[in-house]
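Model the full structure from these sequences, guided by the hints.
Residue-level listing of the chains:
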Amino acid sequence: MASSLVPPPSTSFFHTKKDLNLSAFSSSSSSSQRCHKHVSKKICCSVAAPQQTQRQPSTTGSVKTAMTMTEKIMARASEKAQVRPGDNIWTNVDILMTHDVCGPGSIGIFKKEFGEDAKVWDREKVVIIPDHYIFTSDERANRNVDILRDFCNEQDIKYFYDIKDLSNFKVNPDYKGVCHIALAQEGHCRPGEVLLGTDSHTCTAGAFGQFATGIGNTDAGFVLGAGKLLLKVPPTLRFVMDGEMPNYLLAKDLILQIIGEITVAGATYKSMEFVGSTVESLNMEERMTLCNMVVEAGGKNGVIPPDSVTYKYLEGKTSVPYESVYSDQQARFLSEYRFDVTKLEPLVAKPHSPDNRALARECKDVKINRVYIGSCTGGKTEDFMAAAKVFLASGKKVKVPTFLVPATQKVWMDVYSLPVPGSGGKTCSQIFEEAGCDTPASPSCGACLGGPKDTYARMNEPQASSLLLSQHFVCVSTTNRNFPGRMGHREGEIYLASPYTAAASALTGYVTDPREFLQ
Amino acid sequence: MAFFSSTATIPQNLTFVSSNKLSSSPSSTTSFNFVSFPSFQSKFCKTITTSPQITRAHAPPAPSTETTTASSFHGLCYVVGDNIDTDQIIPAEHLTLVPSKPDEYQKLGSFALIGLPDSYTVRFVESGETKTKYSIIIGGANFGCGSSREHAPVALGASGAAAVVAESYARIFFRNSVATGEVYPLESETRLCEECRTGDVVTVELAENRLINHTTGKEYQLKPIGDAGPVIEAGGIFAYARKTGMIPTR
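Line by line, the protein sequences are chains B and W.
Each residue of the first sequence is one higher than the one before, counting from 1231 in my numbering.
Each residue of the second sequence is one higher than the one before, counting from 65 in my numbering.
FYI, nobody ran anything at the bench for these hints, they're computed from the structure.
Worth double-checking, as some hints may not be accurate.
To be verified - Here's a subset of chain W near chain B, in silico, CB distances under 8 Å, partners left out:
no., residue
1, Gln152
2, Leu159
3, Ser212
4, Thr244
5, Gly309
Claimed, not checked - Between beta-carbon pairs, the in silico distance windows are:
no., chain 1, residue 1, chain 2, residue 2, range
6, W, Arg306, B, Arg1370, 26 to 34 Å
7, B, Val1401, W, Lys165, 26 to 34 Å
8, W, Lys171, B, Lys1629, 35 to 43 Å
9, B, Glu1664, W, Thr262, 52 to 60 Å
10, B, Ser1653, W, Val186, 54 to 62 Å
11, B, Leu1460, W, Arg314, 51 to 59 Å
12, B, Gln1312, W, Val186, 48 to 56 Å
13, W, Lys171, B, Leu1396, 20 to 28 Å
14, W, Arg187, B, Gln1312, 19 to 27 Å
15, W, Lys171, B, Val1401, 31 to 39 Å
16, B, Asn1690, W, Tyr184, 15 to 23 Å
17, B, Trp1320, W, Lys287, 24 to 32 Å
18, B, Asp1368, W, Thr280, 41 to 49 Å
Note that the Cβ used here is the ideal one computed from N, Cα and C, for glycine as well.
What follows is the structure, encoded as C-alpha cells:
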C-alpha cells in the first residue's frame, strides 16, 4: 500500500538544510546517499544528464572550473570563460517578454530614460503578449493593451500577440493567451538562452534548459534600450528525482513537495536544477509546471537539462540555432536533494502559503465551494487531459462549480479537438460537459491572480445567501499562489493542487485524493 | 550592550526632522520614553541637521530641486508578519494603474498594503487618504514574495513610506526597490516584527545601521544596505548610472 511507505506528514521527506542536505527516504538508505554541503561529484550515476555523451567540446569548453548549467548559460551570455555564484555580470538578453500589466510601465520607463524617439535594442527579441486582463470591461485594463499595440506599431515589434475583438477571442488569430505558455508554443523558449520577463513566472521556461527569470519594470525598461542587464550569478540547488511516476501524481505534486520542504524562501536568490529519471520521463508541459513554481520557493530560476523530449517539442517551432549546455560532473551545488517519486502521495498547499504542504487525503474533511483549472501552472493541454481522465474514470458529475480556463488559444483548441485516451474518442470538452463543468472560458490569466472585479471565475465577495457567515470561500485550484486575496477576495481560501486532485475534489465537494477515482 | 541608561536626557525643545515621507510629526517629543546610551544623543542630533529626502524614479518632480542625503527616517511604524506577498502589498485588481504615469502613481500609493487580511484592524492608508501616516514598515521574513510587479515597491513609496525593515526579502522585491529608489529595503538582525507594534515611534539611522524604537526605548542593529544604498539615494538605477557617469546625462 502506498500509504504504508510514506512517512507521516510531519516528517521531512528529505532532510532539511540544517541537516546538511542529506537526503534519504528511510534511515536504511541514508548512509549510502549521504553528501556534503558542497557536492563535488555526482552521488549516483543513474541521474546523469542524458545528453552528456553527445556533448560537443565547445559546449563545455576545456573544463578548468566546473560550472552548473545556470552558470554556463550566464557565462556565455556575458561573454566570459567562466562565472561563479555571486559574480555580478552584464548579461546579454536573448528574449525580453512583457505583458499588459507591466508592459505599459516598462515602456514608460524606456521612453523616459532613453528618449521619446528611442528604438528598442532589437525588434525581433522583444516579445509582447497581452494575457492578464483581457476579457474585462475595465477601461484602464483595455487602455493598457492599446498602449502595447501603439508601442509595437511604432517600434515594429515582430512578435506581438494582439487582441482587438474582445467579444470572441477566436476571431483574433494573433492572440495567444498566457505568456509563459505562449512563449513555449511559439518557439521563443530555446536551450542555452537568456529569457527575461516582467513576470515572476518567467522561470517556467527553464524547462527548456535556458536561464529565465522575472524582472521589474525599471529593469525591463533598461533591457528594452540596452539589451542587457546586470545580474548576479546564483548558486544552484540540485533536486534529483528518481523512480517511475505513479499514475496518480503529476509534476504539480513534485513541486509542492519541494516547496513544502524548503519553504517559500528556501531558494531565494538561488537556481534550482531538476534532474533524475523521473524528470527525464516528464513531457515538456509537466517540466514547465516544475520550473513554473520555483519562484514560489523564492528561486531565481529553475532549469532542466534539455534532451530528446525537449528537441522533439522544439521541432518546427523555431529556426533560431541554439546550443544546449549541461552541468559539469564536477560542478558545485549548494546542496542536493533527492527523492524517490514512487513513495510520494498527492499533495495540496493549504491556505495561505504555497509551502503549507499537506497530503490531499489529510484534507478530506475540507468542504469546498469551487474548483479552478487554469493558469500558466495548471492550464496547459496536459492539465486538462489529466482532469478529463479523472472525470472519465468516475463517470460522475461535479458537486461544485468547476471553472476551466485554457491558458492559450492552442490549449483551447486542444481541449475541443484532442481525443482523451481511453474515452472512445471523446474530447476534453465533451467529458467536461458531461461532468457538469462550466464551459471552458476564453484563454487568459483569468482569476489566477484575481484581476478586475468582472474577471471570469474571480473569487468575489462571499454571498450571504449561499454561504453561512462563518463559512469561508474555499477553492481548490491548479494555479500557483494562495496568499490572502490572490484570487480576489481577501478572506478566500485556496488549496493549490494538481489537476488530478482538483478534478477529484470537484467530484466530491471536498479536498480529495485522486486515487479515489484513479485506482 | 546596554540599551537603557537612566542618565541620558533629551532636550525638551528637540523637534524631529521630518522627511518628505513623514506626514504627521509627533505632537510632543517630551512624551517619548526613550533614552539611550551617551553616544546616541550626539548622533541623533547630527542627523536632525540634515533634511532627508528620497528621489524616486517614478515620483513627480519635487517642488524643490534641492535634494540632500537621506541619513535617517523618523516616524510611526506599521508592523506586518512573515511572507507579506505582493498581492497583499498591492492587489492585482489595481495593477491596471501604470506606475510611470504620475496621477496613477499617486493612486497606487492610496492602495498600498490594502490587500492585508481583515486581521490587520489598523489600515496602512486610511480610507479616503492617499498617503500613509506610517513612514516605516516593519516586516518579518521573505517580505515582498510572489509576483514581480514593480507596482509593489512603487505603491509603498508613493504612499509616503521611506523604508521597509524586514528580516529578509524576496529577491525581485528587493531588486525592484533598489532599481526604482522607491523604498529602502533594510534588513534587521533580529525579528523586529515581534518587538515593535504598529504606531510605535521609530527612527532609522542609515549610517549607523540602527533602528531606535522611541516608544519602547530599545535600539536594534540593522544589516548594512551596502552598495544598494547610493542607488536608492540617487533615485534608482538610471539616476545612479547618470550621476556616476555610467550612462550619459540627458
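Outcome of the hint check:
Of the supplied interface hints, the one on W/Gln152 holds, with its beta-carbon coming within about 6 Å of a beta-carbon of chain B, less than 8 Å. A distance limit of 8 Å between C-beta atoms decides the matter here; for W/Leu159 the minimum to chain B is near 5 Å, and the interface restraint holds. Hint status for W/Ser212 relative to chain B: holds, with the closest Cβ pair at about 4 Å, below 8 Å. A cut of 8 Å between beta carbons decides the hint on W/Thr244: the least distance to chain B is about 5 Å, and the hint holds.
The closest approach between the C-beta of W/Gly309 and any C-beta of chain B is roughly 16 Å, which is over the 8 Å cut-off, so the hint fails. At roughly 31 Å, the beta carbons of W/Arg306 and B/Arg1370 sit within the given window of 26 to 34 Å. Checked against the hint of 26 to 34 Å, the pair B/Val1401 and W/Lys165 passes, with Cβ atoms roughly 31 Å apart. Between W/Lys171 and B/Lys1629 the Cβ separation comes to about 41 Å, which falls inside the hinted range of 35 to 43 Å.
Distance hint for B/Glu1664 and W/Thr262: a CB-CB separation of about 53 Å, consistent with the stated range 52 to 60 Å. Between B/Ser1653 and W/Val186 the C-beta distance comes to about 55 Å, which sits within the given range of 54 to 62 Å. B/Leu1460 and W/Arg314 have their C-beta atoms about 21 Å apart, which leaves the hinted 51 to 59 Å range violated. Between B/Gln1312 and W/Val186 the beta carbons are some 52 Å apart, a value that agrees with the proposed interval 48 to 56 Å.
Restraint check, W/Lys171 to B/Leu1396: a C-beta distance of roughly 24 Å satisfies the suggested window 20 to 28 Å. Checked against the given bound of 19 to 27 Å, the beta carbons of W/Arg187 and B/Gln1312, roughly 51 Å apart, lie outside it. In this structure, W/Lys171 and B/Val1401 meet the distance hint of 31 to 39 Å, their C-beta atoms being roughly 34 Å apart. The supplied range of 15 to 23 Å is met by B/Asn1690 and W/Tyr184, whose beta-carbon atoms lie about 21 Å from each other.
Checked against the hint of 24 to 32 Å, the pair B/Trp1320 and W/Lys287 passes, with Cβ atoms roughly 26 Å apart. Between B/Asp1368 and W/Thr280 the beta carbons are some 45 Å apart, a value that agrees with the proposed interval 41 to 49 Å.
Consistency note: the structure conflicts with the earlier hints numbered 5, 11, 14.
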